[in-house]
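*Asks:* Modelling step: build the complete structure from the supplied sequences, incorporating the hints.
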Amino acid sequence: MKNSVSNLRRAWLPLAGLAIVCVLALAALLAPMLPLGSPTDISKDLALRGPSVAEPFGRDDLGRSLLSRVVHAYRVSLGVAMTSALLAVLVGGPLGIVAGYSEGLPDQLIMRPLDVLMAFPAVLLAIALMSVFGTGAMLVSIALAVVYTPVMARVARAAVLATKIEVYVDGARALGAGVPRLVMAHILPNAATPMLVQASVLMAIGILIEAALSFLGVGVRPPTPSLGLMLADGRGFMVQAPWMVVFPGLAVMLAVLGFNMLADGLRDWLDPQRATGR
Amino acid sequence: MYAARRLILAVPLLLGMSILVFGLMRLVPGDPAVVVLGYKATPEGVRALREAFHLDEPLPEQYMRWLAGLVRGDFGLDFRQNEPIGRMILDRLPVTLELTLLATVGAALIGIPLGLLGGARRRGFADRATLAIGLVGVSIPDFWLGIMLMLGLSLGAGLLPSGGFVPVGESLLENLQHLVLPALTLALSRAAVLGRLSRAAVLDVAQRGFVQFARAKGLAEPAVLFRHVLPNAAIPILTVLGLQVGYMLGGAIVVEMIFTLPGVGRMTLDAVLERNYPVVQSTVLVIGAMFMLVNLATDILYGVVDPRVRNR
Numbered sequence: 001m002k003n004s005v006s007n008l009r010r011a012w013l014p015l016a017g018l019a020i021v022c023v024l025a026l027a028a029l030l031a032p033m034l035p036l037g038s039p040t041d042i043s044k045d046l047a048l049r050g051p052s053v054a055e056p057f058g059r060d061d062l063g064r065s066l067l068s069r070v071v072h073a074y075r076v077s078l079g080v081a082m083t084s085a086l087l088a089v090l091v092g093g094p095l096g097i098v099a100g101y102s103e104g105l106p107d108q109l110i111m112r113p114l115d116v117l118m119a120f121p122a123v124l125l126a127i128a129l130m131s132v133f134g135t136g137a138m139l140v141s142i143a144l145a146v147v148y149t150p151v152m153a154r155v156a157r158a159a160v161l162a163t164k165i166e167v168y169v170d171g172a173r174a175l176g177a178g179v180p181r182l183v184m185a186h187i188l189p190n191a192a193t194p195m196l197v198q199a200s201v202l203m204a205i206g207i208l209i210e211a212a213l214s215f216l217g218v219g220v221r222p223p224t225p226s227l228g229l230m231l232a233d234g235r236g237f238m239v240q241a242p243w244m245v246v247f248p249g250l251a252v253m254l255a256v257l258g259f260n261m262l263a264d265g266l267r268d269w270l271d272p273q274r275a276t277g278r
Numbered sequence: 279m280y281a282a283r284r285l286i287l288a289v290p291l292l293l294g295m296s297i298l299v300f301g302l303m304r305l306v307p308g309d310p311a312v313v314v315l316g317y318k319a320t321p322e323g324v325r326a327l328r329e330a331f332h333l334d335e336p337l338p339e340q341y342m343r344w345l346a347g348l349v350r351g352d353f354g355l356d357f358r359q360n361e362p363i364g365r366m367i368l369d370r371l372p373v374t375l376e377l378t379l380l381a382t383v384g385a386a387l388i389g390i391p392l393g394l395l396g397g398a399r400r401r402g403f404a405d406r407a408t409l410a411i412g413l414v415g416v417s418i419p420d421f422w423l424g425i426m427l428m429l430g431l432s433l434g435a436g437l438l439p440s441g442g443f444v445p446v447g448e449s450l451l452e453n454l455q456h457l458v459l460p461a462l463t464l465a466l467s468r469a470a471v472l473g474r475l476s477r478a479a480v481l482d483v484a485q486r487g488f489v490q491f492a493r494a495k496g497l498a499e500p501a502v503l504f505r506h507v508l509p510n511a512a513i514p515i516l517t518v519l520g521l522q523v524g525y526m527l528g529g530a531i532v533v534e535m536i537f538t539l540p541g542v543g544r545m546t547l548d549a550v551l552e553r554n555y556p557v558v559q560s561t562v563l564v565i566g567a568m569f570m571l572v573n574l575a576t577d578i579l580y581g582v583v584d585p586r587v588r589n590r
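Line by line, the protein sequences give chains Z and D. Residues 1 to 278, numbered by our numbering, are exactly what the first sequence covers, in order. Residues 279 to 590, numbered by our numbering, are exactly what the second sequence covers, in order.
Just so you know, these hints were derived from the structure itself, not from any lab. Hints should not be assumed to be uniformly reliable.
Unchecked claim - Derived CB-CB ranges, DEER-like:
| # | chain 1 | residue 1 | chain 2 | residue 2 | range |
| --- | --- | --- | --- | --- | --- |
| 1 | Z | 196 | D | 293 | 26 to 36 Å |
| 2 | D | 383 | Z | 134 | 30 to 40 Å |
| 3 | Z | 11 | D | 402 | 13 to 23 Å |
| 4 | Z | 175 | D | 338 | 49 to 59 Å |
Predicted model only: the values in this text are computed from it and were never measured. Ideal Cβ placement from N, Cα and C applies to all residues, glycine included.
*Replies:* Following this line, the structure appears as structure tokens:
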């Protein structure tokens with residue numbers, strides 16, 4: 001009884017995170033249908049208008065509605081974050097499971113090259129990849145997936161290593177279960193938890209890195225509304241029109257915060273042993 | 279022995295990193311010579327450039343030539359100014375290192391006390407504050423934080439310069455004035471992580487048997503904290519700090535760009551935007567190698583202070 005009450009009290013943080021993520025995702029998905037006005041219509045008369053009731057985030061140097069641009073930019077932000085995390089799960093997960101299950105030579109052959117990828121700072125590797133790939137949202141997703149794959153492989157591998165020595169896995173093996181069944185029915189469900197937690201952490205980082213790359217000019221290409229690009233544009237006007245840098249930045253922070261809260265909560269909830277006590 | 283083993287393992291990793299960077303830059307679509315010369319490309323110019331940079335050789339030969347140069351500290355020439363890249367990196371490295379060092383000190387001074395306060399009084403006000411700051415802190419994009427600090431403290435209040443750099447040799451005071459905001463930008467987001475993990479380390483130690491025993495024998499709470507909890511929590515905290523130093527090397531790229539600091543990070547970014555691939559190749563490897571070595575040093579130190587780690 002006492003436990004369930006404290007569980008409920010503890011659950012508000014991940015639920016709040018989930019709520020933020022859902023609202024933002026929904027807004028991004030429905031952006032063209034929301035009564036926001038165009039994110040791309042230019043109007044010289046309205047240039048650099050400050051925030052007002054009708055236009056709460058103000059307008060940029062070309063008179064475009066910043067609120068509308070922020071909501072549309074979430075399409076890119078969240079799209080890139082989710083695509084890259086999903087790709088990392090689909091590629092890194094199987095690699096880590098094979099490495100962890102087989103150990104020995106296959107483990108070395110898979111993990112040592114991935115170590116090389118992990119030896120670089122994430123932002124640096126992403127910039128280096130983008131310098132080769134060129135710009136664009138899909139390419140940013142792929143670059144981030146490359147950066148994340150070793151992380152996901154390590155998480156999956158560690159989970160498999162810890163699970164495959166459990167008694168119930170031995171039991172299933174003794175009952176005659178083959179390797180595919182052992183992995184699918186007994187090992188994978190246990191590896192899925194840490195991978196899910198890691199995926200939501202990676203989505204948080206993905207939003208940050210996509211914004212950084214676009215800000216630096218090696219991410220999303222200009223006509224697409226992107227939070228990083230908006231910040232880059234706003235820098236030139238930040239004294240006359242601080243709202244041009246304030247709101248896109250807050251928008252990045254809110255999305256990242258949502259995914260971080262979700263990740264924290266998932267970790268505590270799915271993995272009570274590692275919960276750090278809140 | 280443990281340290282030696284770890285150092286030897288770093289050699290194949292460094293080789294792998296050099297192969298990755300070299301291979302990546304060869305994946306660039308099109309002829310790099312044409313890309314570099316741009317609209318000025320003439321058949322003769324392209325041929326001359328290809329010859330000067332050995333672009334006609336087979337890839338393994340080009341790689342070996344580059345590697346042989348690296349071992350001697352020769353990074354080759356850059357495509358544009360024909361300057362030695364090694365010299366360019368050496369000129370800019372002190373800026374990045376000073377920035378990282380100041381940011382590390384800042385992150386430690388802010389983050390560790392925050393974590394200790396939070397961990398010592400679990401569920402108290404300080405604890406909740408630490409958790410909240412930790413969560414918000416890791417969610418703030420560091421480049422945006424930099425812009426906001428610049429907007430508030432230099433453009434708004436006029437307290438500090440908003441960009442540029444003065445070498446230590448010219449004026450220590452002005453040098454520090456130019457580095458305060460960039461270092462603070464890097465330090466704040468890392469301090470949030472450090473605070474969060476320091477708190478977890480303190481909490482972890484606080485529930486161990488020897489701490490409970492110290493309490494049971496009647497030791498006063500401050501004595502328990504300073505004599506038993508903190509010395510044992512120090513090891514994981516220092517490890518986390520070491521990992522943050524590595525992270526800051528990556529963050530420095532963005533921060534140097536915002537505050538127009540002439541460091542290696544900005545050099546990398548400029549080279550990426552100019553498609554100066556020999557420079558990108560070298561700076562990415564240099565920053566990557568520093569990142570790897572900082573993490574390695576952290577690992578080794580961890581093993582030195584905590585013998586249990588060595589047998590993992």
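*Asks:* Work down the list of hints and note, for each, if the structure agrees.
*Replies:* Status of each hint after checking the structure:
1. Z:196 x D:293: 26 to 36 Å: Cβ of residue 196 (chain Z) to Cβ of residue 293 (chain D): about 35 Å, so the range 26 to 36 Å holds.
2. D:383 x Z:134: 30 to 40 Å: With Cβ atoms ~39 Å apart, the hint holds.
3. Z:11 x D:402: 13 to 23 Å: Holds, at about 21 Å.
4. Z:175 x D:338: 49 to 59 Å: holds (52 Å)
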